[in-house]
Amino acid sequence: MRTDAGRWVLVLLASTFFACESREDGQTTIVLTGSSTVAPLMTEIGRRYEEQHPGVRVDVQAGGSSRGVADARSGLAQIGMASRELTADEQDLVAYPIASDGVTVILHRDNPVKALTQEQLLEIYLGRARNWKAFGGPDSEITVVTKAEGRSTRELFLDYLGIESPEIHADVIIGHNEQGIQTVAGNPAAIGFVSIGTAAVDVERGVAIRLLPLDGIPATLEAVSSGTFPISRPLNLVVPRGRHGDFEDLIRFARSEQVHDLVRAQAFVPIQP
Amino acid sequence: MTSSALKHSSRFSRDRWLVAVLTGAAALSAAILVFVVVFLARESWPALDRIGVTRFLSDDGWFPTSGRFELTPMLAGSLIVTLGSLLVAAPVGVGAAVFTQFYAPGAIARWYRRAMGVLAGVPSVVLGLFGLMTIVPWIARIRAPGASVLAGALLLALMILPTIVLMTDAAFAAVPRSQLSAAAALGYGRWTTIRRIALASARPSIVSAIVLALARAIGETMVVLMVCGNVVQYPSSPFSPVRTLTANIALEMPYATTLHRSALFVGGLLLVLAVGLAFWCLARFQIRLERDD
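Heads up: the protein sequence lines correspond to chains A and B, in order. All the letters of the first sequence, read from the start, carry residue numbers -10 to 262 under the working numbering. All the letters of the second sequence, read from the start, carry residue numbers 213 to 505 under the working numbering.
Honestly, the hints are just simulated from the structure, not real lab data. All of these numbers come straight from a predicted model, not from anything done at the bench. Yeah, the Cβ is synthetic: ideal placement off N, Cα and C, and Gly gets one too. Hints should not be assumed to be uniformly reliable.
[Unchecked claim] Some, not all, of what chain A presents toward chain B, calculated at C-beta under 10 Å:
1. A51
2. S55
3. G57
4. T132
5. V133
6. A137
7. G139
8. S154
9. P177
10. A178
11. A179
12. S215
Just chain B, with the same shape it has in the complex:
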């Protein structure tokens, strides 16, 4: 009796510790995000206050040392390069995951997953150098200058591909085997089974994978700084050079002072808002899916 009560209390205290540690870990990660957003907001405040939100949208170009602060071409640059990379990486990534999960022989699938893991770990500066020395000259041969939206989108696609492949692959692996066998028993072909059963049930995870990839692509700095050409303008074609908000911060933060510096933080704040918006849309989408089920 007494021993069982003791045991109970010790388990209770163990649980309490665990809950405390877990709560602490969760609170810490949330607090860091809040801290970063507050920091960004505080640093951007002088610019928001003295330049005003509208001038970031309507000034005549970005010449911060001459008091002209238009950020929209760079916001457009960030969005276009990111969407371009998703356009390449999403179909290729999902296709590659279908291949590894349903068509590839076991050994090849295992090696392929490992290779994707390695690709995910390649430092962005290495990818950037690779792009600068191979992809940029290759595009320049089609149309100068080579450093362009296209170069940035292709390299970012390479960078986010592993996220999409591995997450989609894991989602396919989680589809109950019984459902796949049932589809086969009903006489569905392999492709129909994949399309009607596997893709349908993995859809929420695929969308999460794409949003996660989007967040990584939009925040990437080194690669786009090296291969996009960094000219502040609305791109007129995939071959136009473009400057993203991240590249702008990296290029100018080292020497920026006062309002200029603060304006760069406004760029950072815009990026965080863009990513936040993407995750909000994701949440809405998932709620809608659950309701449909």
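Looking at chain A on its own, in the form it has when it is part of the complex:
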């Protein structure tokens, strides 16, 4: 009797296992990993794509542009997301831009400093200037918020300032954009650099941050769109050269006019056809 019961348990367990397996069958899953700047946009685009293609699931995971490049190469993801141009030693991949974005400096809303020159930013990010008083602000110590290595926002910002990675000063090191914005919003003496798109959406939601102009050019969609903003970058989907599959249709969709409203809603600039 008991032995039979035991067998039944095994059979039941096995059948649920196979049931899970077969449910996966009719579905295709497209996995995208990489830049935390591109991820929220691709999540929205993926959702719309899923609505139009019931058999497809789009799975988007953030982790930084370097992860996007590495996962696309290794095949862990069909598509990588990178919020920068591909470098010289990444020419085994093809980049498909889906939008453009800028990087700018953010301060707490209550910080009276209205602008910082490139030299002043350099002083702050090398850790030489430690107090807001030097820039016409209150007498409080500057909290320098920096992105972790492997994030393209950091690489672009360092390029703009012309400094090497180990030289950069940091009081707080953050991972993705939202964490950086929350850190600055919670500390009136903080300074950070993030994606204009992500920051602009948060400002609209009432988060206590302010975007600074760079080189006198205001951090707006228009400036990024016209190409005059000092730190602009493409938001790319990357795949290894010569790889084909269902994901190509998703890339076409992400670059089509059908998603321009989603791109604008995230305060990015749609690509010109």
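Based on these hints, arrange chain B on the given structure of chain A.
Chain B only, in chain A's frame:
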């Protein structure tokens, strides 16, 4: 006669099944641990082999992309934040358990235990967000940047408090009522009874609770990643930002390749060893207690 023999054999086979299932369950859990340790060791091997153990202790800083692999500041970070959280959570937790078991009215004690259960179930990312938006700005007002050892220790304390409260409370509940009544009959006051009888007999369980809490705190990732500031350095005060080994893995694993990736696994291996050491010390302590009895 025959029927009784049948009954006997059926019970025998039932037992055999039970023993087989139980042994299987125990073997599976042990095997998973062994598997994890073997996996960690295998992944860390390239780094241990090519970088060498000493360089993890003596390199000039952690710049893995430039070939500098010092892990000790982050090991120190993990240990300091964890010990800080225990310093807060252990006295508060044991105190709260004394209160619920011996002083609180029944209804309050019941609600309190339920609340602790809920606190134990709060996802760490929610606690982390709470910390980032309330505790970090609050500490920043005392001293910038706010993201610090102190913030991490306070939030981890909140996270491990339920473990300590609930386990200590259960240990107090297991103290024989007769002993407590005997103490009262001898004319001991309430506090003396608690101190001399309840705390003394619950001591092994309280120590287990603290070690379990320690294991959870040292392995926690999301909370410390969000509120500790993640700067690789030996903290000079409770207000210094610090990076723990777990936060380091979470920040860098996504893009790390080759030796860098392997070095991150060395960090993971160090954590498992630290937890193993804590449990070994616990076992030694319990053996000593038994011998003293």
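Indices of hints not satisfied (ascending) = Per hint list: single violation, 12.
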